[in-house]
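S.K.: This is what each chain is made of:
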Amino acid sequence: MTFSAWISEPINWIFLLVGLVVLASGFRVVTAKNVVHAALLLVAALAGTAGLFLMLAAEFVAWVLVLVYIGAVIVLFLFGIMITRAPTGQDEGLDSEKKVVPALLSVGVFVLMAWGSIDAFGTTLVGATGDPISTELIGESLLGRFVIPFEVVSFVLLAALIGSITLARKDLTPIEEEEGRRV
Amino acid sequence: MTFTIDYLALAPELVIVGTLLVVFTLDMVLTRPKKFWIATAAVAGTALAAIPLVILGVQGETRSMFDGSYVVDEFALVLKGLFIVAAYLVLLMSHHYIESERYYQGEYYFLLLASVLGSLVMASSRDLIILFIGLELTTAPLFLLTGWRKGDAKSNEASLKYFILGVLSTAILLYGMSFLYGLTGEITFSGLAEATAGRGDEPAMVMAILFVIVGFGFKIAAVPFHFWAPDTYEGAPTPITAYLSVNSKIAGFVALLLMLYIALPGVSEVWAPALWILAALSMTVGNLSALRQTNIVRLLAYSSVAQAGFMLVPFAAAAVVGADLEEAFAATVVYLAIYAVMNLGAFAVVIAGARKTRSGELSAWAGLAQVDSRLGVLVAVFFFSLAGIPPLAGWFAKFAMFRSVMIAGGTTTVVLAVIAAVNAVIALYYYAKVVKTVWVDDPTGEFVEDVEAAPAVSLRLALWVSLALTVAIGFFPALVTFVGDASRVIAVGG
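Protein sequences, first through last, are from chains A and B.
Under our numbering, the first residue of the first sequence carries the number 1, and numbering increases by one thereafter.
Under our numbering, the first residue of the second sequence carries the number 1001, and numbering increases by one thereafter.
These aren't lab readings, by the way, just hints derived from the structure by calculation.
C-beta: ideal position from N, C-alpha, C; glycine also.
Keeping only pairs whose Cα atoms sit at most 27 Å apart, straight-line, the calculated DSS-like set for lysine-lysine is:
#1 Lys-1150/B with Lys-170/A
#2 Lys-1035/B with Lys-170/A
#3 Lys-1150/B with Lys-1161/B
Partial list, computed: chain A residues near chain B (C-beta under 7 Å):
#4 Gly-116
#5 Asp-119
#6 Ile-148
Only chain A is shown next, with the shape it has when bound in the complex (with noise of 0.2 Å):
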């Protein structure tokens, strides 16, 4: 298929404008000089992602990715932020020495990943088999072929949760503990 045949779908506008604010953002995440400026970029990196997914018809995936990342991770972000009083404003400590190398990894990573891709499938058609898959679908098989994954999934969120607050706790001073108070 040729660039302009494939221009011409208007479909595939939508798709080109996505990608580029996908990419502009992602870009701009690593090289903003303030943490909460990337923190939002990363807001519009991942709505283009969901916007990817929902043109994809995979529209569970696309509201996990907005209620999950973009409702609870970076808000999350930014609450750390505030609460660990790192410094809001421009930050030239933000910019490491040793970027040139990271770079050039992350770049030789795509170019292997795209060609990889490029290679298996050309320009063939993976055409939809089927019906979309709807969420209701998803949850049936949650909890019917992939119920195993499902509930040991729930074990690693309860085992993070537990951990990470004992882990962060104060710890409680041998007298405090003689008054009476449980660790």
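Starting from the known structure of chain A, arrange chain B on it as the hints suggest.
M.R.: For chain B alone, kept in the frame of chain A given last:
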């Protein structure tokens, strides 16, 4: 489509789930003087989980659930047994260590049991999703447990290093797995085996497999992905170090071998050379670095890197020359079982000894046998066993490894066998050096000689169990050959 759940097949996992909930509830209701009940419940629950394993083993039938993605066969049972025995020993080692140093106890046992649950699930997994999540549940609690000594900067460093590299390796592994899924549309191992066969020349397939191997390379601390291991091992609480070097390493190994053996045998020309290089590098770099160590825990850390190299040898050797992988798989599982017992013993002895020396530095251990000859004997037994000296268990592990290599045959195999042999000799040097320090050298300082320094009952039990197993397996290797035989009949499921 409805799926039925075989509760008997899931019973060991369910017992562990029950135990960790009991442990967590007990922690909330008990006051500090009664906290020992938590440890008791954890130990008892772990022992209880072995009962359904035995029942399933006696029945001996293969149970398969969810389209063959969760299989309880002899191989899974043997591994679950190994994980439970190792977890039992680690719990025994932990009890006094955690109590005397005033760490959070209930949460400690909760996280440790969660990790055990992950390894049990992983042993039964025959698809990418369960394998990945089981492995994550095995390692995620350990990120937190390595930082359990909150006041110690080294422990914090250990936790952070392990966490960041662990997350990185998980991301790489997941990339590889999603590429495999994208290329084949399959998640079950049996489906993958069919769909990947003969596609080893596709660049995307090569990339996916290499990503998977790099991801697992971090988990098993194989060179060149080992650099987190020494710092993490040194900073973590010692029972957690023992757990890291045994349970979590074996879990990583089993996951890697399951994938290569069952899901990707058709593309062995891709992963075999990578495995060969990993094995040779891990043995050589691990052993040469261990030579220079002055801290006994760091020495054991590098020794476990080197042992990972030995464990990779049979599989790498057989796959490179295209020999039958069954023999290599059995040899590796035998090696894993013996390594678990003797390495846990070595760490138990380090915990017991450190109560007297108050230090992990090797110089502080000089002449320990003069004040406590029993501890000296134990040091000699476990370290000589790690070196592979008959009649201790370690010799049979090395024997099984070399035997499977010789069965495979071929030039590249012989080269790897020579590298392994040279490394076995290097390893003997530093293991023997520890024994010499303990027995021959003069003490450099005072040893702590009070009631507090004597090993607790639970620790003594751990030492006795691992000592008995190490000696018994050495004299009667038939005790573990059934482990290898069980893994020969591995059911692919599906």
